[in-house]
Amino acid sequence: MLKTIKTTIQNIRYFRFYTWAVFHFSDYKPQPVTIPRVAKWLSQFDEKDKQSIIDLLHQVNYISEKQTESLIVKLHANLWERLAAVNITSKNIIYVHLHDPGSSSSVMLNMLRDRALLERRGSHFVDSKNVRELHEITSKLEQGAIIYVDDFSGSGDQFCEVRDYLKDYIVGNFSEFFLLPCICEEAIYELGKRGIEAVAEILHAKADRPLHNMSSIIDKRTKNRLVEISHKIDKRGGLGYKSMATMVVFYRNAPTSTPSLLRGNIKQKPFVGILPRTTDLPVTS
Amino acid sequence: MSPRMQKKPEEAVASVVPQGLLRKLNVSDIKPSVTNPRQLFDKAPLDALKENIRQHGVLVPITVYEVKGQNKYAILDGERRYRCCQELQEEGVTITIPANIVAPPDKIASILYMFSIHNFRESWELMPTALSLKVVMEALGETDNSRLSKLTGLSEPQVERCKVLLSFSDKYQNLSLNPDPKERIPSNFWIEAYPVLNLAEEVLPGLRKRLGRDGMTDNLVEKYRAKRIKSVIHFRRILEAFEINSEDKSKQKPVVERLENYITDIQLETRKAFDDFVVDNRRVQNAIKACDDFVSQLERGKLEHVIDKDELTSALKRVNSYVEALLSRLEGADQPGAVASQDEHE
Numbered sequence: 000m001l002k003t004i005k006t007t008i009q010n011i012r013y014f015r016f017y018t019w020a021v022f023h024f025s026d027y028k029p030q031p032v033t034i035p036r037v038a039k040w041l042s043q044f045d046e047k048d049k050q051s052i053i054d055l056l057h058q059v060n061y062i063s064e065k066q067t068e069s070l071i072v073k074l075h076a077n078l079w080e081r082l083a084a085v086n087i088t089s090k091n092i093i094y095v096h097l098h099d100p101g102s103s104s105s106v107m108l109n110m111l112r113d114r115a116l117l118e119r120r121g122s123h124f125v126d127s128k129n130v131r132e133l134h135e136i137t138s139k140l141e142q143g144a145i146i147y148v149d150d151f152s153g154s155g156d157q158f159c160e161v162r163d164y165l166k167d168y169i170v171g172n173f174s175e176f177f178l179l180p181c182i183c184e185e186a187i188y189e190l191g192k193r194g195i196e197a198v199a200e201i202l203h204a205k206a207d208r209p210l211h212n213m214s215s216i217i218d219k220r221t222k223n224r225l226v227e228i229s230h231k232i233d234k235r236g237g238l239g240y241k242s243m244a245t246m247v248v249f250y251r252n253a254p255t256s257t258p259s260l261l262r263g264n265i266k267q268k269p270f271v272g273i274l275p276r277t278t279d280l281p282v283t284s
Numbered sequence: 000m001s002p003r004m005q006k007k008p009e010e011a012v013a014s015v016v017p018q019g020l021l022r023k024l025n026v027s028d029i030k031p032s033v034t035n036p037r038q039l040f041d042k043a044p045l046d047a048l049k050e051n052i053r054q055h056g057v058l059v060p061i062t063v064y065e066v067k068g069q070n071k072y073a074i075l076d077g078e079r080r081y082r083c084c085q086e087l088q089e090e091g092v093t094i095t096i097p098a099n100i101v102a103p104p105d106k107i108a109s110i111l112y113m114f115s116i117h118n119f120r121e122s123w124e125l126m127p128t129a130l131s132l133k134v135v136m137e138a139l140g141e142t143d144n145s146r147l148s149k150l151t152g153l154s155e156p157q158v159e160r161c162k163v164l165l166s167f168s169d170k171y172q173n174l175s176l177n178p179d180p181k182e183r184i185p186s187n188f189w190i191e192a193y194p195v196l197n198l199a200e201e202v203l204p205g206l207r208k209r210l211g212r213d214g215m216t217d218n219l220v221e222k223y224r225a226k227r228i229k230s231v232i233h234f235r236r237i238l239e240a241f242e243i244n245s246e247d248k249s250k251q252k253p254v255v256e257r258l259e260n261y262i263t264d265i266q267l268e269t270r271k272a273f274d275d276f277v278v279d280n281r282r283v284q285n286a287i288k289a290c291d292d293f294v295s296q297l298e299r300g301k302l303e304h305v306i307d308k309d310e311l312t313s314a315l316k317r318v319n320s321y322v323e324a325l326l327s328r329l330e331g332a333d334q335p336g337a338v339a340s341q342d343e344h345e
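Residue numbers (numbering that gives the first Met the number 0), protein chains in the order written: chain A, 0 to 284; chain B, 0 to 345.
Chain A on its own, in the form it takes in the complex (with noise of 0.2 Å):
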């Protein structure tokens, strides 16, 4: 009687953490978290395990579309506000997505550009791929600022290849600015040895990250087990691209960097995510 009443209140408590989940987490686009995908993502864990992993989802700094939508703005106002007090016009900013058409930094360009009229103020748009529309417009305009947009940078790898391309072909005086919701402290390091300015929201220190080793937010006994656990699902990578363990997570995609526990892997088999990534999931015909 006494074991039925305690697996009744264990399974509540598991239906409440269902129910938080798929409402914190309600606009993940990779791939909707709904209560059989939270319950059996949770089922893969050993029952002495699962308190520690939910208590670490808990810790996930989940950003929602609406969210980053009012950070990027918010911040694109700051910046522009700071850039006018020292006559840098609109029509002397140059905008520069980093990645594909359909990657978050064009995402999130095409969020400001709507948002904030950009394109009206005779803002300029660029392609970080287009180096040759880049060295014209700097050319022309011989001075400004440069603002490159994205919604996260970990390590700042990515970034900086770019950018260290693109850096050969700009003429002139201007000033950069890396626009993002959340950066890494890695990535502020990167950035500053080559004195781009971060214009973020969220700095999202090593320490603030309960998987990483530098932290001590959580108990060492439990991080050392969910370590553990994270390398058994992905022995390669089980806290992320280059160890760093993220726990923020943007409604558009989890960041390389999140732990195997969270993203699962490759094609979901065998173990199963909560917050995959696009390229985790299988592909569906």
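Hints are computed from structural coordinates only; laboratory data are not their basis. No experiment lies behind these values; they were computed from the predicted model shown. Glycine residues also receive a C-beta, built at the ideal position from the N, C-alpha and C atoms. Incorrect hints may have been included.
[Unchecked claim] Simulated DEER-style distance windows between Cβ atoms:
1. B:LEU58 x A:GLU132: 42 to 48 Å
2. B:LEU329 x A:GLU135: 32 to 38 Å
3. A:LYS231 x B:PRO178: 33 to 39 Å
4. A:ARG235 x B:ASP169: 38 to 44 Å
5. A:ASN223 x B:ILE265: 54 to 60 Å
6. B:SER166 x A:LYS231: 58 to 64 Å
7. A:GLU132 x B:ILE265: 30 to 36 Å
8. B:ASP143 x A:GLU135: 23 to 29 Å
9. B:ARG209 x A:ASN109: 45 to 51 Å
10. A:THR88 x B:GLU201: 50 to 56 Å
Got chain A; can you put chain B on it based on the hints?
Quick look at chain B alone, frame taken from chain A:
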């Protein structure tokens, strides 16, 4: 820009306008110049400078200008001192850097500054240099190689290479602007293909009529992508084959036929196509012997202490100039190795 708006070339020389400000800056106040390549600095002298700065601080002020909107200063001169301070800061040593603040350079001055930096690059990329040279040529109305060389600090052969690159249409230039190193056609491809295309136009009028220059160029690009041009300097094999057989028409005919075949058959590899015609290496051996003889004759002359040296100096300068130009032509190579793309998608 209209010719009336053009600056006189002599007015365009990169100059620094002092503002009379000397400030002490932190490393974080400074933005490295976009024109300063990382390959510029040899480690050993940089380490020596770093140790000096560690002990005595930065004694000679760097030259910077304010970057509008960023509360930072971009470096015009002193990148090495800055790099050392940056490294020292990473080691936990805090150093302030004395800096002369000057007015920001205008567009042409900053391009000319970029050229002067590019002169020291070990693995230089020709495409941005060529595009910037075009801006200078248009702004100043200057096209003469020698004067452009003096203005930019680029060597005349470098200026010529840039012009060759610019002679290709945007369609082809854009193939060298692709950020993906796996997709990018190296700029040197165009430089080396240019004389081959000129030759083909001259000796293959039928093919020229049938394919046009663009058609022949497209075929060479396709051949390159199919990895049938293993190194762009192999194009020189074609020119060498023509030069060697230029005096004997009966020998030249099969070379011409092979060239046509080479351009139309994408799978035909360059060396495989032309090595047959260049078996004789006598010219190179003769040149090596001439070099040895020349040096040994000069050494025998014991010329270090001659008094009437003007004529000799002038003659040696002529030789020097010829050798430098020849070396510059011979030094052409494939593009520096592409950097492996990082496996990160954020």
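Quick rundown of the hints versus the structure:
Restraint check, B:LEU58 to A:GLU132: a C-beta distance of roughly 44 Å satisfies the suggested window 42 to 48 Å. Between B:LEU329 and A:GLU135, the C-beta spacing of about 34 Å keeps the proposed range 32 to 38 Å intact. At roughly 38 Å, the beta carbons of A:LYS231 and B:PRO178 sit within the given window of 33 to 39 Å. For the hinted restraint 38 to 44 Å between A:ARG235 and B:ASP169, the CB-CB distance of approximately 43 Å keeps it satisfied.
About 58 Å separates the C-beta atoms of A:ASN223 and B:ILE265, a value consistent with the hinted range of 54 to 60 Å. Take B:SER166 and A:LYS231: their Cβ atoms lie about 60 Å apart, and the range 58 to 64 Å holds. For A:GLU132 paired with B:ILE265, a C-beta distance near 31 Å keeps the hint of 30 to 36 Å intact. One distance hint, 23 to 29 Å for the beta-carbon pair B:ASP143 and A:GLU135, holds here, with the actual separation near 25 Å.
Remark: the range hint 45 to 51 Å for B:ARG209 to A:ASN109 is upheld by a beta-carbon distance near 46 Å. For the hinted restraint 50 to 56 Å between A:THR88 and B:GLU201, the CB-CB distance of approximately 53 Å keeps it satisfied.
Hint compliance for this structure: no hint is broken.
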